[in-house]
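2 protein chains.
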Amino acid sequence: MAYSIYDASVPVMSRALGNLSNILDKAVAQATAEKRSLSELIEAKLAPDMRPFPFQIQSASDAAKGCAARLAGIDAPSMPDTETTFPELKQRIAKTLDFLNTVTPAQLAGAEARQSALKFPNGEFKFTGQDFLTGFALPNFFFHVTTAYAILRHKGIALGKMDFLGAA
Amino acid sequence: MAYSIYDASVPVMSRALGNLSNILDKAVAQATAEKRSLSELIEAKLAPDMRPFPFQIQSASDAAKGCAARLAGIDAPSMPDTETTFPELKQRIAKTLDFLNTVTPAQLAGAEARQSALKFPNGEFKFTGQDFLTGFALPNFFFHVTTAYAILRHKGIALGKMDFLGAA
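Protein chains in written order, with the numbering used here: chain A, 315 to 482; chain B, 315 to 482.
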């Protein structure tokens, strides 16, 4: 089997989201053991003008489901950004994974060459699926997953690179 | 042209490294304008037990050149981690980009199925090129690029998502 745009997208994001869910478990376990407030973690950010922790998870979810849907030419399920607790954030990740699991390699066949448009406040950009994935979707996805990790690390949660990468 | 493992690796990392170099320029420009010490940024980290800023750049460089070399079945140029200043870190990125620019799509043809081994302190793991790229190299690369961005953001450097993603 040749390498496909499915290989480069859906399983990569599914794996990272699964790891992220485990990272949330670790944060809750440690904070609970140390009798720390979970809302301290939920409200945490790295800079005063940065959006707080749930935004990073919601953005990673949006990046993943939006990417899979756009490449497949289907609509992503709407997920209003209402999560404010760790169980809700874990549920958001689980729902995202459920959707990713429904997207098949066949749906993404040829997506690298298909054109689609992305609307930004300052205009509309046309991409091929390939440019969308590699120039936008994948970097954007990892940006938010890593920032979520970095926020927890900054708040003293004991995490290491292998939590981010997952078991080999 | 079908999507290839080259498309999913070398240009993705080249683009992100180019953006990272521009981010370093922004950090130096702002710190200089504010008469702040650059060594404060060089020594910055998000947690006491995290390695400081140059390590993130060096690790992003290692991830990129190591990935391209492994997929091409060639040796990556050795770059001792001696950088301690912004000009040296920019030079490290430039040398990494120079190497990535020598790696051709033809060298990576079929790399998705080629086996290679990665040595860790706790053992040796065998990967196909595809598993190596998507399960390890790409997440690891973005982990360090994002952490570098997050450290500067945490230190008050005015950066936004578009600095990370680059111009569309």
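Treat the hints with caution; some may be incorrect.
The list cannot tell twin chains apart, which means a pair is met if one copy fits it or any two copies do.
Pairs of lysine-lysine, BS3-like flavour, derived with a Cα cap of 27 Å [stated by the list, open to error]:
1) K469 - K433
2) K404 - K475
3) K349 - K409
4) K404 - K440
5) K349 - K440
6) K440 - K359
7) K349 - K433
8) K440 - K469
9) K359 - K340
Everything labelled a hint here was simulated from the structure, so no lab data went into it.
**Message:** Tell me the numbers of any earlier hints that the structure contravenes, in ascending order.
**Reply:** Violated hints (numbers, rising): 1, 3, 4, 5, 6, 7, 8; every other hint is consistent with the structure.
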